[in-house]
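S.K.: Residues in the sequence shown are numbered from 27 upward in steps of one, following the working numbering.
The hints are simulated quantities; they were obtained by calculation from the structure and are not laboratory data.
Don't take each hint at face value.
As the list claims (entries may be wrong) - In silico lysine-lysine, PhoX-like type, Cα no more than 25 Å apart, as pairs:
1) K108 - K46
2) K127 - K89
3) K89 - K108
4) K121 - K89
What the hints assert, rightly or not - Just the calculated beta-carbon pair ranges, DEER-fashion:
5) G126 - V148: 42 to 52 Å
6) S94 - P69: 16 to 26 Å
7) M56 - L92: 12 to 22 Å
8) S150 - T91: 15 to 25 Å
9) M27 - T49: 38 to 48 Å
10) P55 - G34: 47 to 57 Å
As the structure is a computational prediction, the values presented were derived from the model and not from experiment.
For each residue, glycine too, the CB sits at the ideal point set by N, CA and C.
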Amino acid sequence: MYMLNNGGAIATASQPDMCKTPTPAGPVPMPYPNIANTRMADPGGLVNDVLIAGLPAMNQMSKVTLSSGDEAGAQGGLVSSKVMGEMTFTDGSTKVTVGGKPAVRVTTQTLQNGAPGNTIGVVSAGSQTCVMVMS
Numbered sequence: 027m028y029m030l031n032n033g034g035a036i037a038t039a040s041q042p043d044m045c046k047t048p049t050p051a052g053p054v055p056m057p058y059p060n061i062a063n064t065r066m067a068d069p070g071g072l073v074n075d076v077l078i079a080g081l082p083a084m085n086q087m088s089k090v091t092l093s094s095g096d097e098a099g100a101q102g103g104l105v106s107s108k109v110m111g112e113m114t115f116t117d118g119s120t121k122v123t124v125g126g127k128p129a130v131r132v133t134t135q136t137l138q139n140g141a142p143g144n145t146i147g148v149v150s151a152g153s154q155t156c157v158m159v160m161s
């Protein structure tokens with residue numbers, strides 16, 4: 027699978043992001059999509075001395091500081107109590123490291139909308155098509 031850099035890979039929630047939505051009768055839990063783009067990655071978590079297709083590589087400790095799709099659930103997620111929270115990686119390559127940590131790639135599992143994650147997801151679209159991590 028294609029290794030990730032901060033060039034715009036997409037992680038999508040594989041289960042609904044359940045957030046408390048304000049209504050006249052009080053907050054109601056409702057399902058929302060949750061999408062994170064690696065262009066919003068925390069610069070401090072990038073591996074700046076390893077470039078993939080000209081952009082800094084990402085590893086299991088990298089995180090995306092902002093996700094989207096759950097804005098209407100303005101009172102926060104049921105688990106994380108956040109709206110548009112961060113996305114983190116839960117696994118990585120077992121054989122390839124970058125910056126001393128496991129490399130992340132398309133199909134890497136994620137936690138989305140905050141820590142602890144309000145929902146789980148997966149990297150579903152890569153940001154480059156040159157470098158692959160096969161393990």
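S.K.: Each hint: holds or not?
M.R.: Hint check:
1. K108 - K46: Within the cut-off at roughly 10 Å; holds.
2. K127 - K89: holds (13 Å)
3. K89 - K108: Satisfied, since the Cα-Cα distance of roughly 16 Å is no more than 25 Å.
4. K121 - K89: holds (21 Å)
5. G126 - V148: 42 to 52 Å: violated (24 Å)
6. S94 - P69: 16 to 26 Å: Once the Cβ atoms are compared, 19 Å apart, the range 16 to 26 Å for P69 and S94 holds.
7. M56 - L92: 12 to 22 Å: Once the Cβ atoms are compared, 20 Å apart, the range 12 to 22 Å for L92 and M56 holds.
8. S150 - T91: 15 to 25 Å: Given about 19 Å between the Cβ atoms, the range holds.
9. M27 - T49: 38 to 48 Å: At 41 Å between Cβs, range holds.
10. P55 - G34: 47 to 57 Å: violated (31 Å)
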